[in-house]
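Asker: Which chain is which? The protein sequence lines are B, F and C, in order.
The opening residue of the first sequence carries number 3 in our numbering; numbering runs sequentially from there.
The opening residue of the second sequence carries number 41 in our numbering; numbering runs sequentially from there.
The opening residue of the third sequence carries number 9 in our numbering; numbering runs sequentially from there.
If you're looking for bench data, these hints aren't it; they were derived computationally from the structure.
Even for Gly, the Cβ is constructed at its ideal location relative to N, Cα and C.
A few of these clues could be false.
To be verified - Okay, the calculated beta carbon distance ranges per label pair: (1) 339(B) / 33(C): 44 to 50 Å; (2) 322(B) / 148(F): 52 to 58 Å; (3) 186(F) / 250(B): 29 to 35 Å; (4) 310(B) / 237(C): 34 to 40 Å; (5) 180(C) / 158(F): 51 to 57 Å; (6) 33(C) / 344(B): 44 to 50 Å.
Claimed, not checked - Derived pair list, reagent style DSSO-like, types lysine-lysine, alpha-carbon separation capped at 27 Å: (7) 42(F) / 70(F); (8) 70(B) / 249(B); (9) 89(B) / 118(B); (10) 75(F) / 150(F); (11) 191(F) / 165(C); (12) 70(B) / 89(B); (13) 165(C) / 75(F); (14) 191(F) / 321(B); (15) 89(B) / 152(B).
One-letter residues, chain by chain:
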Amino acid sequence: MPDVPATDARILQADRLDRLFEALIARGYHCVGPTLGEGAIVYDEISGSTDLPRGWTDEQAPGQYRLKKRNDGAYFGYVVGPHSWKKYLFEPQRRLWQLKRAGQRFERTDEPPEPKRYAFIGVRACEIAALRIQDRVFAEGSFVEPGYAKTREQSLVIAVNCTQAAATCFCVAMNTGPEVREGFDLALTEILEPSHHFLIQAGSERGRELLSALPTAPCTAELQQAAKTAVAQASRQTRTMETAGLKELLQKNLESPQWQDIATRCLSCANCTMACPTCFCSSVEDTSDLTGDHAERWQRWDSCFNPDFSYIHGGEVRKTTASRYRQWMTHKLSTWFDQFGSSGCVGCGRCITWCPVGIDLTEEVRKMTQPEGGRA
Amino acid sequence: MKHLQDVIAEHPFFQDLESAHLALVTGCAKMASFKSGEFLFRYGGAAEHFFLLRHGRVSLEITAPGRETFRFQTVGPGEVIGWSWLFEPHQAQFDARAVDDVSVIQFDGKCLRGKCEADAALGYNLMKRFARVLVQRFTDTRLQLMDVYGKQTR
Amino acid sequence: MESRHAEMVAAQPWLPQPWIVREVIRETADVVTLSLQPGEGAAAMSFGPGQFNMLYAFGVGEVPISISGDPADASRLIHTIRDVGLVSRALCGLQPGALVGVRGPFGSCWPVEAQAGQDVVVAAGGIGLAPLRPVLYHLARHRARYGNVVLLYGARKPDELLFGVELEAWRQAGIQVEVTVDHADAAWRGNVGVATTLIRHARFSPRNAAAFICGPEVMMRFTAAALEERGMAQERLFISMERNMKCAVGFCGHCQLGPEFICMDGPVFAWPRMRRLMAVREL
Chain B
3 MPDVPATDAR ILQADRLDRL FEALIARGYH CVGPTLGEGA IVYDEISGST
53 DLPRGWTDEQ APGQYRLKKR NDGAYFGYVV GPHSWKKYLF EPQRRLWQLK
103 RAGQRFERTD EPPEPKRYAF IGVRACEIAA LRIQDRVFAE GSFVEPGYAK
153 TREQSLVIAV NCTQAAATCF CVAMNTGPEV REGFDLALTE ILEPSHHFLI
203 QAGSERGREL LSALPTAPCT AELQQAAKTA VAQASRQTRT METAGLKELL
253 QKNLESPQWQ DIATRCLSCA NCTMACPTCF CSSVEDTSDL TGDHAERWQR
303 WDSCFNPDFS YIHGGEVRKT TASRYRQWMT HKLSTWFDQF GSSGCVGCGR
353 CITWCPVGID LTEEVRKMTQ PEGGRA
Chain F
41 MKHLQDVIAE HPFFQDLESA HLALVTGCAK MASFKSGEFL FRYGGAAEHF
91 FLLRHGRVSL EITAPGRETF RFQTVGPGEV IGWSWLFEPH QAQFDARAVD
141 DVSVIQFDGK CLRGKCEADA ALGYNLMKRF ARVLVQRFTD TRLQLMDVYG
191 KQTR
Chain C
9 MESRHAEMVA AQPWLPQPWI VREVIRETAD VVTLSLQPGE GAAAMSFGPG
59 QFNMLYAFGV GEVPISISGD PADASRLIHT IRDVGLVSRA LCGLQPGALV
109 GVRGPFGSCW PVEAQAGQDV VVAAGGIGLA PLRPVLYHLA RHRARYGNVV
159 LLYGARKPDE LLFGVELEAW RQAGIQVEVT VDHADAAWRG NVGVATTLIR
209 HARFSPRNAA AFICGPEVMM RFTAAALEER GMAQERLFIS MERNMKCAVG
259 FCGHCQLGPE FICMDGPVFA WPRMRRLMAV REL
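With the rest of the complex left out, here is chain B (with noise of 0.2 Å):
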């Protein structure tokens, strides 16, 4: 937090959280948070605290994860689920358009979807880094995302520090987190002792306007050291990567025999591409009534891990698991930062844990680095 200026810092009774719920509903916000579902926590619609998932963390591992109970009464004392925030500005299915064939023209027959103004609870550093990173493929770039571009600028960012860190996190190293430090509205740091607070700063005019109707009290030197204390927990990080260097890397192995090696455990499943959060790529059906007058167009996420993703006239491109996922990991890795002038990765270690194989990113990128034989 050492962005924000001390004066900014208020801090909030964790009992009176759902002032903070209140206040978002009256402003005509759909709160969007985690809470317990499918087995894990996982982001919905929520109401107030009590859908929160208090009392809960998450294990995690290559190929894992397990909730757990914890023995303090936390409301953000996990890591990261298998959603990610982009459902909510990049659905993984949405209907673009219903038309008419009608003389000669097209009569749109459906309503165009009114953007929801979300307030997005519980975001986590290297989730901002990764919505900076879809803003700039939908909305920065020759051509904008309407859709994404309005639901985005009219939604808030209620955002959480880390104060844990999960097995596979290694947003340290992808320089996304854990500290969150912009682009956020409001940003909430749990302290658990000496009592249970949230330490609250606002990042925004619409964050400072909120916070101004919340029963928040002054920031004491003890709780700012406090807060200051629980987030460097979460740099501690088991996993890493070398970043140095390796777009290029990655350019200079495309025929490396690692992609082989990789192959004969990625299943091509796509769990990693759902599961990121800077993942976009999507694709396009469309149907017709009986008729043939009516037609409609729908929009689905799509994996470059699928066959058809790559397919011209004559068959797919890229026939084998070796060459997609070399798309996968070198677009992310490399040539993201001839597109967009980033990494597409935040470290946020959703790819590790939800392979069912367990194949680790940064496992991978180290052997690429550091070869067996010392070949780089």
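Guided by the hints, dock chains F and C onto chain B, whose structure is given.
Answerer: Just chains F and C now, with coordinates in the frame of chain B:
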């Protein structure tokens, strides 16, 4: 009228050939012409010549019973036809038929082989020139085999 | 290329604009040219040679198709389509009066005007002549601005050759037009052999020429290599790439080739940008 040696020197196939070698090959050459439809040589016949095309095009073909004549390549001005004169058993491997009225420089294979045997430098030079053409034809054939414009079935 | 159509697409990038089929020209057994005019609510479109549109067969689907018309004639929109799949078949089957959805124009252009004073080699393979036709219209119209202009066109068989009338018109306009087919029977009096075999007959000065190449990827690779061998500089060769394009606006991710989005960075690329990428299998 141009001297035969100048005409040969100007043909792309013998580009930059040193003058001593040029004189040697000219000694085995003469001008010739073929009417449209005439054969320069036919499959199985003795391969006694090769030809540098000056005007008109020649079709290289293979025929088989019950099949349409397979025309695998046409060659035009500036190109060379025939290499079987170089190798045993000196038999033509396909038909070469004039598409248009064609004028060529015709080389006597036996004459040239004799000079190549006697002058290894000339032999090597000629071999390099023919090898280049052969490689080019192979590349063309591979590309042709791929049937790149054909419809692919999945 | 700024036009009102482009603005409409920018505002609603997913929404096809309605165009009406005015004329259908059957080019070959499986290739059709559609001439379109704006329907209600659509605006006329200006485009650059090499650009493409997403054409929507109502209720069936959408595919990227290069514009094959004359860039100087904004009164109609011309697309030449080969029936190779579900959507292209539906487009090829459209009748005059039918409604077709159009999004575009998208992508980069052949840098033809930049070659003024130079020789220009246009090398086309199969349906690849269609994306190059706007270039040829331009070159024929402004023939005096350029040095030698040569079209090298290869197709599969004589009955798959496109644009016979235009080929003759371009010859008349002072373009060296060389045509070859991969396969032919004895009735064909023209050239037989792959497209690259035409290069040796092309009259141009390699040091003062640019080349625009479009066809199947293998054909473009071999043609570029042969032109390099003839002494042309790599950076003066241009090719047009194909990949799976679903959105054409950089959102869907399908058409990536290494760092490039074919839909936005291409489809026309300078050869050096593609040379290394095309050599990598399954990239």
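Asker: Starting from the hint list further up, note which numbers the structure goes against and sort them upward.
Answerer: 8
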